[in-house]
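Chain by chain, the residues:
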Amino acid sequence: MTNGGGALYVYGVMSAAERESLEVAGVEGAEVGTVEGHGLAALTSPVQGSALAAAREVRAHWRVLQEASESATVLPVRFGTVLEGEQAVRDHLLEPNAERLTELLDRLRGCVQLTVKGLYDEQALLAEVVTSTPSIAALRARLQSMPPQAAYYDRIRLGEMVAGEIARRREADTQHALQVLEPSARASCVENPSAAESAFDLSFLVPRGKQSAFGKRVRALVEEVEDRIDIRFVGPLPPYSFAEGNHEIGEA
Amino acid sequence: MAIATQPRGYVDRPRPSGLVDVIDVILDKGLVIDIYVRVALVGIELLTIDARIVIASVDTYLRFAEAVNRLDITEQGQAEGLPQLMESLTSGGSKSKTEGALEGVKEKIFGSDDDDDDDDDDGSSSRSSKRRSSSRSYGDGRSSSKKRARSGRSGGDNG
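So the protein lines, in turn, are chains A and B.
Everything in the first sequence is counted per numbering that gives the first Met the number 0, starting at 0 for the first residue and increasing by one.
Everything in the second sequence is counted per numbering that gives the first Met the number 0, starting at 0 for the first residue and increasing by one.
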């Protein structure tokens, strides 16, 4: 199944040998097809509109990639990518990148992305920071006996010390989580914290057959830190975080 | 295998991902095709920021809905307790945060056309749109949602 002329939304790239037709509707409700070349298949669908309503279409983008990656290995393309047509998909995506994409697909084959996020309970975290850091506790006690406007710079300093303490904890918790989880993963990626109370946001590349081993490690981590950190374990996803090929992929 | 305390059921196994859990990954990661060969889409950047807010607020509603469903309100005469509770939940401390997003949800999801969205988000989000039949100025909501989008993205740009 191929698409005719006109602009094409691009979801991802997979090996032509693995492609199968998808049930799920794509962006703007369109049927998803493929453009093939150089042994690769790009998942595409025609786009009519001049601008995509992202809030709706991001869901379509996500669903197409979820379904396509149920059995195959798919490299996700960044959300919102539209090319001029079939020829452009071949000339600008598949042909110039054929070698790199084929190699990357080989390295990612049989793996899924699993995401582990940790969120601090802010109240508990702050209480812990105060009780375990004498200098912060002392400054806080001193400021509490003063009118707010009298200690403007000291309050800034207190806040700065707290922020520094939180950053140290975040770094330590991130390293610890990596240490616990990495043995069952081929690669890992530390995402930027998306919220102030974020303890860590980690993506792992895990062979499909090792998902339960990885899950056991996640459970061990949860049992260890659950009084401080709320952990969300999400997946399997296509390897979004490893699609650019700038991560070292080892054994697992 | 002994499951000691309150088992958090999903922990051994990853949850089938809710969109909100992966929204940052979806919007910030993936193969990037040379910008010069992409068809220029007017306003695509702004629209993706909106998407973050909409997805996050739908998730918030789902959690409210779940929390409300779990509540044990059995006494008679409290039949109207639920709507009141929803009201107080949504108009509480996070009011300013959720309102802009709420408008966004209506705009993006219920606004322009009929959607066949079939997953779980639908139930609770359509409920909330019904509940808030009164409309407020788009401008207000929008400015607060933008602020939130920025703080949410801090450090995550060009991820």
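What the hints contain is simulated information worked out from the structure, not anything from laboratory work.
Glycine residues also receive a C-beta, built at the ideal position from the N, C-alpha and C atoms.
One or more of the hints may lead you astray.
Claimed, not checked - The following residues of chain A were derived to be distant from chain B, with all beta-carbon distances above 12 Å:
1. G38
2. A71
3. L103
4. D120
5. V129
6. S131
7. A137
8. P146
9. A150
10. Y152
11. P182
12. S193
13. A194
14. D200
15. G208
16. E243
Stated by the list, open to error - Pulled from the structure, derived: some chain A residues nowhere near chain B, Cβ distances all over 12 Å:
17. V57
18. V128
19. R141
20. D172
21. L177
What the hints assert, rightly or not - One-sided and incomplete, this derived list gives chain A residues near chain B with beta-carbon spacing under 7 Å:
22. L74
23. V76
24. R77
25. F78
26. T80
27. P147
28. A149
29. Y151
30. I155
31. V233
32. Y239
33. S240
*Are all C-beta atoms of chain B more than 12 Å from that of D120/A?*
Per Cβ check, D120/A is outside 12 Å of chain B; nearest 15 Å; holds.
*Since V129/A was said not to touch the interface, does its Cβ keep a gap of more than 12 Å from each Cβ of chain B?*
Since the minimum Cβ distance to chain B is about 22 Å, V129/A lies beyond 12 Å and the statement holds.
*Check on A137/A being off the interface with chain B, judged by Cβ distance over 12 Å*: 30 Å, holds
*Classify the label on A150/A as holds or violated, using whether its beta-carbon is more than 12 Å from each beta-carbon of chain B.*
Non-interface label on A150/A holds, nearest chain B Cβ at 26 Å vs cutoff 12 Å.
_Does L177/A clear chain B by more than 12 Å, comparing its Cβ with all Cβ atoms of that chain?_
17 Å, holds
*asked:* Would the non-interface assignment of P146/A survive a Cβ cutoff of 12 Å against chain B?
replied: 26 Å, holds
*asked:* Restraint: P147/A near chain B, CB-CB cut 7 Å. Satisfied or not?
replied: 21 Å, violated
_Given as non-interface: A194/A, which should sit over 12 Å from chain B by C-beta_ = 7 Å, violated
*Could you check that no beta carbon of chain B comes within 12 Å of the beta carbon of V128/A?*
Fine: 21 Å to the nearest Cβ keeps V128/A off the interface.
*Using Cβ atoms only, decide whether T80/A comes closer than 7 Å to chain B, and label the hint accordingly.*
With a closest approach of 6 Å, the T80/A hint holds.
*Against chain B, does E243/A keep a CB gap of more than 12 Å to every residue?*
7 Å, violated
*Quick one: work out the minimum CB distance from P182/A to chain B and report holds if it exceeds 12 Å, violated otherwise.*
The claim holds: P182/A sits with its nearest Cβ about 17 Å from chain B, beyond 12 Å.
Violation of the numbered hints given earlier is confined to hints 3, 12, 13, 14, 16, 17, 27, 28, 29 and 30; the remaining hints are satisfied by the structure.
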